[in-house]
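**Student:** Those sequence lines, one after another, are chains F and W. Throughout the first sequence, residue numbering follows our numbering, covering 1 to 111 in sequence. Throughout the second sequence, residue numbering follows our numbering, covering 1 to 114 in sequence.
Just so you know, the hints here were simulated from the structure itself, not pulled from any lab data. Heads up, some of the hints might be wrong.
[Said to hold, decoys possible] Over 12 Å on every C-beta distance to chain W, these chain F residues come out as not near it, computed from the model:
1) Glu17
2) Asn30
3) Asn38
[As the list claims (entries may be wrong)] 30 Å max Cα-Cα, derived BS3-like pairs, lysine-lysine:
4) W:Lys78 with F:Lys70
5) F:Lys26 with F:Lys70
6) F:Lys26 with W:Lys83
7) W:Lys71 with W:Lys11
8) W:Lys15 with W:Lys83
9) W:Lys15 with W:Lys44
10) F:Lys98 with W:Lys11
11) F:Lys103 with W:Lys71
12) W:Lys44 with F:Lys56
13) W:Lys71 with F:Lys69
14) W:Lys11 with F:Lys26
15) W:Lys11 with F:Lys70
16) W:Lys83 with W:Lys11
17) F:Lys103 with W:Lys44
18) F:Lys103 with W:Lys78
19) F:Lys103 with W:Lys62
20) W:Lys44 with F:Lys70
21) W:Lys62 with F:Lys69
22) W:Lys83 with F:Lys103
23) W:Lys71 with F:Lys98
24) W:Lys44 with W:Lys62
25) W:Lys83 with F:Lys98
26) F:Lys103 with F:Lys69
Computed from a predicted model, the values in this text were never measured in an experiment. Beta carbons are placed, not taken as given, at the ideal position from N, Cα and C, and that holds for glycine.
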Amino acid sequence: SQQGEEDPQALSIQEGENATMNCSYKTSINNLQWYRQNSGRGLVHLILIRSNEREKHSGRLRVTLDTSKKSSSLLITASRAADTASYFCVAGNGANSKLTFGKGITLSVRP
Amino acid sequence: EAGVAQSPRYKIIEKRQSVAFWCNPISGHATLYWYQQILGQGPKLLIQFQNNGVVDDSQLPKDRFSAERLKGVDSTLKIQPAKLEDSAVYLCASSLGGLNQPQHFGDGTRLSIL
């Protein structure tokens, strides 16, 4: 896999607002995954989007993938305080199942 | 389904001592991973097992770290002797294996070296 570059590094929003997080990568991919990590906990897999998909939804999450721009975005709608966490994107190149994590995005949702 | 279990949750030792972490993956998951996560950074893969064989240990400091996965189920990660820079959270993850399978993480062991 290759490391995704997440942007912004930190994001603070009010409860109920939408949060958009971006990820860019360098070489061609097989899939892209997003993970969430709450403070003091392990990572939780949120969603996987394959290279031949453009958009995917899961509950309040919407992920898009633009392979021409080598970028992905994660949208969380109607954010809640419980969404406060670090979010990581990981790009899989299809060679193996190894994941290479970047520093992630710290999302703070204010009540 | 039960998640990935890790113990202990916290460990405090002095430098040059040894320490061991234990992981029980999700039943049926062939692939097991150990990660090191230093504060403020993303997890870094230390070692990956497929059943009881090592697939990737390129980032494991083999002079002090060792890991095993006997019988292809539980795994232990050991550090001997510990250094100050080993202070981190050690995460275990498991997956069914394959390219598009998500990894499932335990809550980790937070190691503090005095």
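**Student:** Confirm or reject each hint.
**Tutor:** How the hints compare with the structure:
1. Glu17: Correct as stated: the minimum Cβ-Cβ distance to chain W is 25 Å, above 12 Å.
2. Asn30: violated, 6 Å
3. Asn38: Check fails; 10 Å does not lie beyond 12 Å.
4. W:Lys78 with F:Lys70: violated, 39 Å
5. F:Lys26 with F:Lys70: This hinted pair holds, its Cα atoms lying about 7 Å apart.
6. F:Lys26 with W:Lys83: violated, 35 Å
7. W:Lys71 with W:Lys11: Holds. Lysine 71 of chain W to lysine 11 of chain W sits at ~26 Å (cutoff 30 Å).
8. W:Lys15 with W:Lys83: holds, 5 Å
9. W:Lys15 with W:Lys44: Holds. Lysine 15 of chain W to lysine 44 of chain W sits at ~22 Å (cutoff 30 Å).
10. F:Lys98 with W:Lys11: The hint holds at about 27 Å.
11. F:Lys103 with W:Lys71: violated, 34 Å
12. W:Lys44 with F:Lys56: OK: lysine 44 of chain W and lysine 56 of chain F at ~27 Å, within 30 Å.
13. W:Lys71 with F:Lys69: With Cα atoms ~45 Å apart, lysine 71 of chain W and lysine 69 of chain F exceed 30 Å; violated.
14. W:Lys11 with F:Lys26: Given pair lysine 11 of chain W, lysine 26 of chain F is violated - Cα atoms ~38 Å apart, limit 30 Å.
15. W:Lys11 with F:Lys70: violated, 41 Å
16. W:Lys83 with W:Lys11: holds, 14 Å
17. F:Lys103 with W:Lys44: Judged against 30 Å, a Cα distance of about 10 Å means the pair holds.
18. F:Lys103 with W:Lys78: Holds. Lysine 103 of chain F to lysine 78 of chain W sits at ~25 Å (cutoff 30 Å).
19. F:Lys103 with W:Lys62: holds, 25 Å
20. W:Lys44 with F:Lys70: holds, 23 Å
21. W:Lys62 with F:Lys69: violated, 39 Å
22. W:Lys83 with F:Lys103: holds, 23 Å
23. W:Lys71 with F:Lys98: holds, 22 Å
24. W:Lys44 with W:Lys62: holds, 15 Å
25. W:Lys83 with F:Lys98: holds, 26 Å
26. F:Lys103 with F:Lys69: holds, 21 Å
When each numbered hint is compared with the structure, violations occur for hints 2, 3, 4, 6, 11, 13, 14, 15 and 21.
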